Amino acid sequence: MVNLANPTLLVVIPLFFAFLSIIISPFLKKLIKFVPLIVSALNLVVIYFIGVKVLYGSIVLGTTAGLNPPYVIILAVDKLNFIIVLMVNVLGFLISFYNIFYMKEEPTDKFHILFTLLIMASSWISITGDLFNVFVAFEVLSLSSFGLVGYMRSKDSIEAGFKYVVQGILAGSLLLIGVVLIYAQTGTLNMAHIATKLDYVGSLEKLVPYVLIFFGLAVEGALFPLNSWLPDAHPAAPSGISAMLSGIVTTTAIYAIIRVTVTVFNYSAFIPYLFIIALLTLFFGEIAAFFQKDLKRMLAYSTIGQTGLFVLAFSVGTQASISASVAQMVNHSFSKAVLFLVAGIMIEAQGSRNIDDLKGFGRVNILTSILFVFAALSLIGVPPFFGFFTKLAILQTLLDFPGFLGYLSFALVLFAAIIEGVYFYRVFKILFEKSDKNFQAENPWLVISPFILVLILVILSSRPMSVLNFTNDIANQLIQRTIYLTSVLGGLK
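When we follow my numbering, the leftmost residue of the sequence shown carries the number 5, and every step to the right adds one.
Any given hint could turn out to be false.
Stated by the list, open to error - As a list, the in silico BS3-like pairs of lysine-lysine whose alpha-carbon atoms are at most 25 Å apart:
1. 167 with 114
2. 297 with 167
3. 114 with 159
Hints are computed from structural coordinates only; laboratory data are not their basis.
All values reported here derive from a predicted model rather than from experimental measurement.
Work out the full structure, taking the sequences as your base and the hints as a guide.
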């Protein structure tokens, strides 16, 4: 009898189907487009059984061999892992469905195989308890992302893919060197085991590998100043990939930073520097988004700003701030996925990414435009949308940060929200202006995925306190890292 609550399945299932797809693609190319959909659906079944245990406070473990921790690669799911891997596969499922109808030019088998690997790598990063596996999973994620960004083989997509490759190589190198240094200091790669060993390592000795690992992850997390790849990658990539890059790839990278910072290093000394990096990321992202005429580039810079926002909340370092950070990650992942998927529909109808060319689109394609408005309002933080409650929680926690920086960050978050509101209002206004243009009618199959995502946002908006209570439990479990360490190591100190 297969144990369906085994986290190992979340990596094995997509890996198996990816290899199977490679074998059968010469004979059944047209069926490969359903593989990511099947994979994410099967993963969601596994996540359900894992969730039954996790929601009652258990940490669910899976291993790759019969040995005991720390001498085995371990996969561990606590409440934080659970919410991340759930988002990965919910978005993976809905974006896979969208891609079936969006990617029309055959053959698309390689595209869907790469997308399956992207789901696998994102799930793997979300649940691994091994630091070297974080590096390996990020390499798989980066390689699949490179291929997907450059898949259209246009001049822009090839150039964007090349920039992504260059920065990805830099990120991978920093991450690997950091992991090697940690192994040299502790003799282990198990994150829980490393955490127990680092108590006996000097501050400077563990600062160097932490900084290397942090900046390696910061590239994929789109943190300032290592985010120059993202504004080029999003416009060049197919819209489903843009949604995945914003909704999942950056989110899993930020998750990894949180996990390494709190669980592995317990490193409060770096928090003030992270706070400054987050402030710069937020300011740079929102200001750059304000000046964009390209819809997808505007959304890309918005992603940078939003990443800065939830990292800013995390860097306050309190239970309430971490709770608000996780809640904002959820809001951003679902909202931004809707915006990119709808942007794909708009661009397909008009043949242009220029915002001014979308004049009157909302009068012809009303449902699509309403979905865009709903998601944008949640992202901005307009009541009664879920984003209002997450941003309010962030603002409350920023006042807990001591000194001038606390007040500065509070003012900057308010300023960023206003800027965000202005540039999205500009899009709303253009969408619903009168125009003589004849837009192509929306493809109803493409509308299904963003529609379901907006329904999820509506549900979150109707129960904001329940969600924030859950993210508070996540933050509490994260801070009380002894629970994670003892669960993973089976009591080994």
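Results for each hint:
no.	hint	result
1	167 with 114	holds (21 Å)
2	297 with 167	holds (22 Å)
3	114 with 159	holds (19 Å)
In summary, this structure violates none of the numbered hints.
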